[in-house]
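Student: Sequence:
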Amino acid sequence: MPTITKLPILATIPRSGTWFLRYAVSFLIHLDRGGRIEDRLTGEVVGRPTGMDFDFRRFRGGPLFDTRQSMPNEHLFIGHTVCPGFAGSVDDHSWWARTPFHVPGYDYLHEGLNYTYTPIDLAVDVAYTPLSVRAVDRAAAAGRGAPVALVYRNPLAQAASYFRYGVGHASSSYNTIDGQPLARVPFRDYLFGSALPSYAKQFISFQAMAARHPGLVRLVPCECLMARPVEILADLLNHLQGTARCDWRNLRHAVRLARREHLRAIEAELGHSLDGTRAANISHMRSSRFEETLHDRLREDVVERLQWMGVDTGLLVWSGDNSRGHSLRQKGHLAAE
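In the numbering used here, the protein residues as written are 1 to 337.
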């Protein structure tokens, strides 16, 4: 395949709906191509009855997806990354370069991987494709890149979710801090020493690029996506694909198939969590009730710390301020994590 030099990017801060987006978009593409998907919970067959089944065992979650036959662009990135083209703005944030991400995976496109073999899903008989990160960065910095969007969760919910995720992770890169089991680390220490700096480092890159190229870079709260998934995802896809479509005819079906209960049923069928880090009886998708108990004690301190780092905290949507999004998440209608 030819090297990718221009790439629409749907980025997420970890624990901000990544797998919901990966599955919803992949289901949409599969149905658009005439495929079929059987709902593991209801037995309903969605799509063309005689179409090809979705291959859950082959599916890896990208981060690249072949979108041909469904969308104007041939590829789409869905995952965690720093905003392309941001490197030229680092000097405006003195803390940025000296602040490492507390775990791997926040910045897929700049972690020095072998991008000649970038994993790609939904492509026929192709598992990897070459990607030029340098070309993507160069075009983005000049305002000539493909559209970009960041889906982000409020930082307390994100930190609480990542804390639980790390405690249950199979890798010591996630379940320990400085050689100490994460389970023994006080949450406040984890929040201010690890989670918030990483959150701010990723978020500020998109904030800065959105200010520089507002037509190309968009920031969308995960809480809004959870409250109105079909509407918000359609708007995101229109932005990323450079279209104004209102006929995403399979999107409602795709979003329903990507609901939390259904994805958990798929995990049980596969025998492992969607991200492959744990056994099927321990899903990587968890409720956020723990986060709800933290607001009164920590929210003010979190806002103060993020503002010191230059984050526009007015862009954050707190769970208590979005009762509809909160009720949907608690009822399990969406895979928020």
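Treat the hints as calculated values from the structure; they're not laboratory data. Treat the hints loosely; a few may be bogus.
Stated by the list, open to error - Cβ-Cβ distance ranges computed for the label pairs, FRET-style: (1) E44 - P100: 26 to 34 Å; (2) D125 - S172: 30 to 38 Å; (3) V45 - W308: 52 to 60 Å; (4) S173 - N114: 15 to 23 Å; (5) E304 - T42: 25 to 33 Å; (6) E304 - E44: 28 to 36 Å; (7) A265 - P186: 50 to 58 Å; (8) E300 - P100: 21 to 29 Å; (9) F187 - T42: 23 to 31 Å; (10) R144 - G314: 43 to 51 Å; (11) G51 - L315: 39 to 47 Å; (12) L315 - L270: 34 to 42 Å; (13) A265 - P119: 45 to 53 Å.
Using N, Cα and C, we set each Cβ at its ideal position, and we do this for glycine too.
Student: All hints, please: hold or fail.
Tutor: Now for the hints, and whether the structure bears them out:
no.	hint	result
1	E44 - P100: 26 to 34 Å	46 Å, violated
2	D125 - S172: 30 to 38 Å	36 Å, holds
3	V45 - W308: 52 to 60 Å	53 Å, holds
4	S173 - N114: 15 to 23 Å	19 Å, holds
5	E304 - T42: 25 to 33 Å	47 Å, violated
6	E304 - E44: 28 to 36 Å	49 Å, violated
7	A265 - P186: 50 to 58 Å	35 Å, violated
8	E300 - P100: 21 to 29 Å	26 Å, holds
9	F187 - T42: 23 to 31 Å	38 Å, violated
10	R144 - G314: 43 to 51 Å	29 Å, violated
11	G51 - L315: 39 to 47 Å	41 Å, holds
12	L315 - L270: 34 to 42 Å	36 Å, holds
13	A265 - P119: 45 to 53 Å	24 Å, violated
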